[in-house]
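The hints should help you fit chains L and Z onto chain F, whose structure is shown.
So the protein sequences, as listed, match chains F, L and Z.
So that you can map any letter, position 15 of the first sequence is 171 in this note's numbering, and since no number is skipped, the others follow by simple counting.
So that you can map any letter, position 83 of the second sequence is 239 in this note's numbering, and since no number is skipped, the others follow by simple counting.
So that you can map any letter, position 139 of the third sequence is 295 in this note's numbering, and since no number is skipped, the others follow by simple counting.
Calculated from the structure, these hints are not laboratory results.
Mixed in with the good hints, there may be bad ones.
[To be verified] Straight-line C-alpha distance at most 16 Å; calculated EDC-like pairs for lysine to aspartate or glutamate:
1) F:K343 - L:D344
2) Z:K260 - F:D204
3) Z:K260 - F:D317
4) F:K260 - L:D319
5) L:K260 - Z:D317
6) F:K260 - F:D317
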Amino acid sequence: MSFGSVLKIFLPKDRVFYGLFEEVATTLVQMGDLFKSALQEKDLSKRDEMLRTLEDFEHKNDEITHRIFIELGRNFITPLDREDIHYLTTSLDDIADYMWGAAKRIVNYQIHDEYNTLPAFAEIISKSIGAINTGVYSLRDMKDLRAITAACVLVNSLENDADDLLDQTMMKLFSSNITAVELIKQKDIYQMLEVVTDKCEDVANVIESIIIKYS
Amino acid sequence: MSFGSVLKIFLPKDRVFYGLFEEVATTLVQMGDLFKSALQEKDLSKRDEMLRTLEDFEHKNDEITHRIFIELGRNFITPLDREDIHYLTTSLDDIADYMWGAAKRIVNYQIHDEYNTLPAFAEIISKSIGAINTGVYSLRDMKDLRAITAACVLVNSLENDADDLLDQTMMKLFSSNITAVELIKQKDIYQMLEVVTDKCEDVANVIESIIIKYS
Amino acid sequence: MSFGSVLKIFLPKDRVFYGLFEEVATTLVQMGDLFKSALQEKDLSKRDEMLRTLEDFEHKNDEITHRIFIELGRNFITPLDREDIHYLTTSLDDIADYMWGAAKRIVNYQIHDEYNTLPAFAEIISKSIGAINTGVYSLRDMKDLRAITAACVLVNSLENDADDLLDQTMMKLFSSNITAVELIKQKDIYQMLEVVTDKCEDVANVIESIIIKYS
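Bound-form chain F, shown alone:
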């Protein structure tokens, strides 16, 4: 008898957590889409205006995150392991934090993104968030396990793509003639965007470990 089966007998399903996770995932999808659109925008003042609105979504996710922790404190019985809920919540929150952190620096630093690294990162991040959204919405019933696993595998593969994108961009920058200050600025932003995909991978890993337990 698996750990999951045992839990299924004991635990009433406390549905509130699923709804809150879905709210966070939905906000992340909106952030990812807006981030991608912004970084495809050629008018930089328009782009910056779009990027600044990401803060509202980040605040919204902070509030939902806070509600999840309050629910976690209140509920003795939870539908998922307490540590999984905790880790899933934190990782989802980190995605929004780092995306907003990178957006702020893009607005502040006004780098010359010669190799179109920013839209390339935004593309990867938005895809990765899409896969995470699939995973999070699947937690409620865990019916289509193959689709969930595929989503998690995709997130892992996109994290590798982001890693490669960072490596290749840094190699180009190191052999280019840009100033050290510009190099430092760009490195700062690209690394932060790579961390966004790391946090997506963390979420995929928790979802995968939940799937293993409860299926």
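Frame of chain F; chains L and Z shown alone:
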């Protein structure tokens, strides 16, 4: 019936943990005060001497941290959740580690802190540690919940201040005429000081989640 | 009655985890040895070839890590605490990840390692992994507690050595005449190597906390 109420029935209060956490918090307050005084000192050799003594406090906290982990291993029954004790211990230890790490670099790099960023960070850090001290000392009886929550909210707000201070300082540095090497040194130190406030926020978050469970 | 003693009565020993941890530790020893040999190699194209083969070991460890998480999901009863297994697995995986990450950058950046910092780091890392190997292989029976504790103490002391090595190298670089770009490259690699020893310390800390519980 809440998780906390259930625990209150089952668990004898193993007071040793409270005392050890209070010892750590007290040492942190001393470190924060010394750090602040040092960074207000105009005589740099005197400043460096003060900063070097932070190592003793860091060592002291390492030892208490080690004792907490030994107690955690020995005690089957703990007054707080094992994972909360673990996470609180680690985060408190990180505050001392990063503060000492930053102090070492301040002594080693001898940066030109043109915008008085160092004393500004020390001010934020010392306030944040003060609020954490309030939170830690409140764990023993959890009477004044409003005061604990206020302390945690303050730590979160100070972390935002540190974030803004880092952003604003970096913006000034990027548009200044300092050399790239000096820029790298300063960025290194200021980022480390910002991490100190992140670790303070981690502590505040654990305290808040403990409060929710046990009240 | 200690937590460990209680567990010893209740838990059948699920030996699969020990075998998997030992496989990971063995792969890490091979990586550490190869890394050390590579960084002592004077022929740089030969060195790079050796460093590139580290990726195979990293992939191998990824697969074993994945198997551990699957086993963890399947098994309701585990020989060690679930959270200890989880944390030990993640930290061991991080060692391989950061070592391979650093190796990739060494190949890509072709830095001028004037102060022989790379072989010095490789020496520390290889020793630290050796001590971790001792610790991991001891988990199965926990007979020679003194040897395990000595191994964990050694890992902690080697992490301090790596910290000092990083500090001293950065100080030399800051007062040297190297270009800012070269400085950024070197800082990137050395910091990553220092993180490898941090991850080794994380592993030693988990092993130590397991020892305390079960002895």
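Cross-check of the supplied hints:
no.	hint	in the structure
1	F:K343 - L:D344	holds, 14 Å
2	Z:K260 - F:D204	violated, 35 Å
3	Z:K260 - F:D317	holds, 15 Å
4	F:K260 - L:D319	holds, 11 Å
5	L:K260 - Z:D317	holds, 15 Å
6	F:K260 - F:D317	violated, 23 Å
The structure does not agree with the numbered hints 2 and 6 stated previously, though it agrees with the rest.
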